[in-house]
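Engineer: Spelled out from the first residue to the last, the chains are:
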Amino acid sequence: MIATAAPAAAQDMPVGSFKTVQGSVSIVRGGIEHRATPALAVRVADEIVTGRDGIAGLGFDDQTTLALGPSSRLVINQYVAPSGGAAPRFESSLSRGMLAVTAGKIARSSADAMTVRTPNAVLGVRGTRFIVEVAAEP
Amino acid sequence: MKAASFAAAAVVWLGACATPPPGPTSAALQPALAPTIDWVCLLPEADGHVGRVFVQGGDGAATGVLEGAYNTARVATDGRLRFVQADAATMERRYGALLRALPGQPR
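Residue numbers (the numbering used here), protein chains in the order written: chain A, 221 to 358; chain B, 20 to 126.
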C-alpha cells in the first residue's frame with residue numbers, strides 16, 4: 221500500500237464512488253479486500269483492483285471521472301476538495317493496467333493540482349481527458 | 020531521424036494494440052516491480068478542447084508536454100521519453116470499451 225500524506229480524519233471521508241462495475245472488481249481498504257459494487261464509496265488510500273474481466277467507472281466529488289480497465293491497480297493517494305481551505309489536490313498511482321480520466325475541477329485549478337504516478341513517470345494534468353496504460357515490458 | 024523514431028514507436032504501439040492486455044487472472048498476482056512500459060495519450064474533450072499533460076520520467080531528468088489531440092508519450096523503465104502521434108481509430112480499437120466505461124459517456 222502506498223502511503224498518503226492525508227490526515228487520518230480526511231481518509232475517512234468519501235471522495236467519490238463507483239458508478240459502474242463489470243466483472244471482478246475489488247477495493248482494498250486497511251489491508252482488507254472488499255468486492256466493489258455500484259455506489260460503494262471511495263476514500264483516500266483505497267486501492268482499486270480489477271481482475272482480467274474487470275472494468276470499473278468511478279466519479280469523484282470534483283466531477284473527475286475515471287474508468288479502470290482489466291488487470292489494473294490504482295491507489296487514491298491524496299484528494300483535497302476544491303471547496304476546502306487547502307490547495308486542491310488529486311494524486312493517484314497506477315501500478316498496472318489502464319486508466320481513462322476526464323479531469324474535473326481540481327485539474328482546472330492549477331497546473332500541478334492533479335497528478336497520476338506510474339512506475340516510470342509522473343503525469344501532471346491540466347484540465348483534460350487522457351488515457352494511461354502501464355504494460356509489462358515485452 | 021526524429022520521424023523514424025516516432026515511426027518505430029508507433030509500430031510498437033500498434034503491435035501492442037493487436038494483443039489483449041497482459042497479465043494473469045488477477046492483477047494482484049503480478050509482481051509489483053516488474054519492468055513496465057508506460058503510455059499516456061491526450062484526448063480531445065467532448066467540445067473539442069484539448070488540455071495538457073506534463074510528463075516527467077521517473078528520475079525527473081526527462082520531461083515533455085502533450086498538448087495536441089492524440090499526442091502520446093511512451094516512458095520506459097529507464098525514464099526516457101518517446102513521443103508518437105496516435106489517432107482516434109487507434110484509441111477506439113485499443114481503448115473503446117474503457118472509454119465507454121467512463122461515467123457520463125455515451126454507451
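Warning: the hint list may mix true and false statements.
Sample of chain A residues at the chain B side, in silico, Cβ under 10 Å [unchecked claim]: (1) 257; (2) 260; (3) 335; (4) 338; (5) 347; (6) 350.
Simulated coverage check for chain A against chain B, where a stretch passes if three residues somewhere in it have a Cβ under 8 Å from a Cβ of chain B [what the hints assert, rightly or not]: (7) 233–244; (8) 270–280.
Across the chosen pairs, the derived CB separations fall in these ranges [as the list claims (entries may be wrong)]: (9) 232(A) / 102(B): 33 to 43 Å; (10) 253(A) / 86(B): 20 to 30 Å; (11) 123(B) / 243(A): 31 to 41 Å; (12) 80(B) / 331(A): 32 to 42 Å; (13) 305(A) / 84(B): 25 to 35 Å; (14) 96(B) / 332(A): 19 to 29 Å; (15) 307(A) / 112(B): 31 to 41 Å; (16) 332(A) / 64(B): 34 to 44 Å; (17) 65(B) / 258(A): 18 to 28 Å.
These aren't lab readings, by the way, just hints derived from the structure by calculation. Yeah, the Cβ is synthetic: ideal placement off N, Cα and C, and Gly gets one too.
Engineer: If a hint holds in the structure, say so; if it does not, say that too.
Structural biologist: Going through the hints against the structure:
For residue 257(A), the shortest C-beta to C-beta distance to chain B is roughly 15 Å, which exceeds 10 Å, and the interface hint is violated. This hint is violated: residue 260(A) has a C-beta 14 Å from the nearest C-beta of chain B, more than the 10 Å allowed. Hint on residue 335(A) holds. Least Cβ distance to chain B is approximately 9 Å, under the 10 Å limit. Interface restraint check for residue 338(A): the shortest CB-CB distance to chain B comes to about 4 Å, inside 10 Å, so the restraint holds.
A least Cβ separation of about 4 Å between residue 347(A) and chain B falls short of the 10 Å threshold, and the interface hint therefore holds. For residue 350(A), the interface hint holds, since its Cβ comes within 10 Å of a Cβ in chain B; the closest pair sits about 5 Å apart. Coverage of the region 233–244 of chain A by chain B holds in this model, with 4 residues showing a Cβ closer than 8 Å to a Cβ of that chain against a need of three. Counting residues of the region 270–280 of chain A whose beta carbon lies closer than 8 Å to any beta carbon of chain B gives 8, which reaches the threshold of three, so the coverage claim holds.
A C-beta distance of roughly 41 Å is found between residue 232(A) and residue 102(B), which places it inside the suggested range of 33 to 43 Å. The hinted window of 20 to 30 Å between residue 253(A) and residue 86(B) is violated, with their beta carbons roughly 39 Å apart. For the pair residue 123(B) and residue 243(A), the beta carbons lie near 21 Å from each other, so the given range of 31 to 41 Å is not met. The hinted range of 32 to 42 Å is not satisfied by residue 80(B) and residue 331(A), whose Cβ atoms lie roughly 20 Å apart.
Checked against the hint of 25 to 35 Å, the C-beta distance between residue 305(A) and residue 84(B) comes to roughly 31 Å, which is consistent with it. Our hint of 19 to 29 Å for residue 96(B) and residue 332(A) holds, since their Cβ atoms are close to 24 Å apart. Remark: the range hint 31 to 41 Å for residue 307(A) to residue 112(B) is upheld by a beta-carbon distance near 39 Å. Separated by about 20 Å at the C-beta atoms, residue 332(A) and residue 64(B) break the suggested range of 34 to 44 Å.
Distance hint check for residue 65(B) and residue 258(A): the Cβ-Cβ separation is about 23 Å, which falls inside the suggested range of 18 to 28 Å.
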